[in-house]
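Participant: All chains should be built: construct the whole structure from the sequences, respecting the hints.
As they're listed, the protein sequences go chains D and F. Residue 43 in our numbering sits at position 43 of the first sequence; the count goes up by one each step and never skips. Residue 105 in our numbering sits at position 105 of the second sequence; the count goes up by one each step and never skips.
Everything labelled a hint here was simulated from the structure, so no lab data went into it. It should be emphasised that the depicted structure is a prediction, and the values quoted were computed from it without experimental measurement. All C-beta atoms, glycine included, are put in the ideal place defined by N, C-alpha and C. A hint or two may mislead.
Each pair of labels, with its calculated beta carbon distance range [to be verified]:
1) F:83 / D:56: 17 to 23 Å
2) F:58 / D:114: 24 to 30 Å
3) F:166 / D:72: 48 to 54 Å
4) F:74 / D:54: 44 to 50 Å
5) F:5 / D:96: 27 to 33 Å
6) F:58 / D:74: 47 to 53 Å
Straight-line alpha carbon distances no greater than 27 Å define the calculated BS3-like cross-link-like pairs of lysine-lysine that follow [stated by the list, open to error]:
7) D:107 / D:70
8) D:124 / D:70
9) D:107 / D:124
10) D:70 / F:191
11) D:124 / F:191
12) F:154 / D:107
Chain by chain, the residues:
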Amino acid sequence: MAPRKTAPKVAPLQTTPVLQWAMAILGGVVTAAIMGVVIWEALQPTAPPALSARIVAIEATTAGHVAIIKVVNEGDDTASAVDIEGVLGAEQASATVDYVPGHGHAKAFLRFDTDPRAASVTVKGWSAP
Amino acid sequence: MFSIPLLMTMEMWQQGVVMERWRLLAYILISLPLLYGLAFYAGFSKRRGLVNDLLDTAVALAVGCITASVLLILFGVVQWDAPPREAVGMVALQAIPGAMGALLARRQLSGSGSGDSDEDQASYVGELFLMAAGALFFAMNLAPTEEMILIAYKATPIHALSLIAVSVLLLHLIVYNAGFAGQEEAGEPLKAFCHYTLPGYAIALGVSLFVLFIFGRTDAHAFTGVIQTVIVLGFPAAIGAAAARLLV
Numbered sequence: 001m002a003p004r005k006t007a008p009k010v011a012p013l014q015t016t017p018v019l020q021w022a023m024a025i026l027g028g029v030v031t032a033a034i035m036g037v038v039i040w041e042a043l044q045p046t047a048p049p050a051l052s053a054r055i056v057a058i059e060a061t062t063a064g065h066v067a068i069i070k071v072v073n074e075g076d077d078t079a080s081a082v083d084i085e086g087v088l089g090a091e092q093a094s095a096t097v098d099y100v101p102g103h104g105h106a107k108a109f110l111r112f113d114t115d116p117r118a119a120s121v122t123v124k125g126w127s128a129p
Numbered sequence: 001m002f003s004i005p006l007l008m009t010m011e012m013w014q015q016g017v018v019m020e021r022w023r024l025l026a027y028i029l030i031s032l033p034l035l036y037g038l039a040f041y042a043g044f045s046k047r048r049g050l051v052n053d054l055l056d057t058a059v060a061l062a063v064g065c066i067t068a069s070v071l072l073i074l075f076g077v078v079q080w081d082a083p084p085r086e087a088v089g090m091v092a093l094q095a096i097p098g099a100m101g102a103l104l105a106r107r108q109l110s111g112s113g114s115g116d117s118d119e120d121q122a123s124y125v126g127e128l129f130l131m132a133a134g135a136l137f138f139a140m141n142l143a144p145t146e147e148m149i150l151i152a153y154k155a156t157p158i159h160a161l162s163l164i165a166v167s168v169l170l171l172h173l174i175v176y177n178a179g180f181a182g183q184e185e186a187g188e189p190l191k192a193f194c195h196y197t198l199p200g201y202a203i204a205l206g207v208s209l210f211v212l213f214i215f216g217r218t219d220a221h222a223f224t225g226v227i228q229t230v231i232v233l234g235f236p237a238a239i240g241a242a243a244a245r246l247l248v
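Facilitator: Given below as structure tokens:
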């Protein structure tokens, strides 16, 4: 890289070429890094959504017991409109989660009349975004 | 004028209600110096100086707050019996882009002939700052919408790489042709690319990440998922960064 001509405007700008090249390198590194991540991702084998749901907490509210559900997606692809169903004896509760990103998680809430500690929670289905 | 798209975006109303307060606080705290910077480069008054720029920032914030309050009430989004927490959250969220719009609108609508502005002498750091402001303004208009994550989910790596290429290319074309680069870069596209386009794109990506974080769009996502969304939002942010010089 050739040394730049003297800064045309004012004297204090003398130091800017160093800053400009530093920013150029920073910008180049960030851009290359982000492209690297995408390329790396492209080379990985992709797996369809693999969803599982479990109860992580239970809260007793005035409107009954609320089970807080964590839906985990172990797959690479994102699932949308994920249907969650909880069954406790004769009682059923369901919720829909907008998106569960690949290798990410999402939260849902199911309401029961009684303590849902023993409820079974399943993912019934989803669609592609 | 600049904040109407945001004021009429449903996600912005929801965010105002559900956003964690520390995120809202971080957003406001980071926006304040940015508004000050915009006031410095594109303030209302001809007079310059710390006090005047601070005054301009405050006036712009007041305009933003009043516009946001009046329009949100007019649209029936903020109702009289709404809890104060909701109303304050929604107005605070909208006031910042409103204030940015106020500072830019003055610049846009005041007509030509005011060639003595500071932006003509903007230093390199100043140019980068303007890029960040432009990127933030554009990114903020789009980040709250669900479409950003939806596009990211649908994008394959090929799409993402193409989007990066198009973002950088458009950024460079606008920067280079709109004379963003200083005179000394005029005949050297490569130098302009290194000094303005690459840092500009990095700034656009950084701003995108920040805005996505503020709106909770990075929560519960894997690293690659966040990168995808940053790239998607980086596209409008890059255009915003490039257009900043035209706007201000």
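Participant: Which earlier hints turn out false for this structure, listed by number in ascending order?
Facilitator: As far as the earlier hints go, 1, 2, 3, 10, 11 are violated by this structure, in ascending order.
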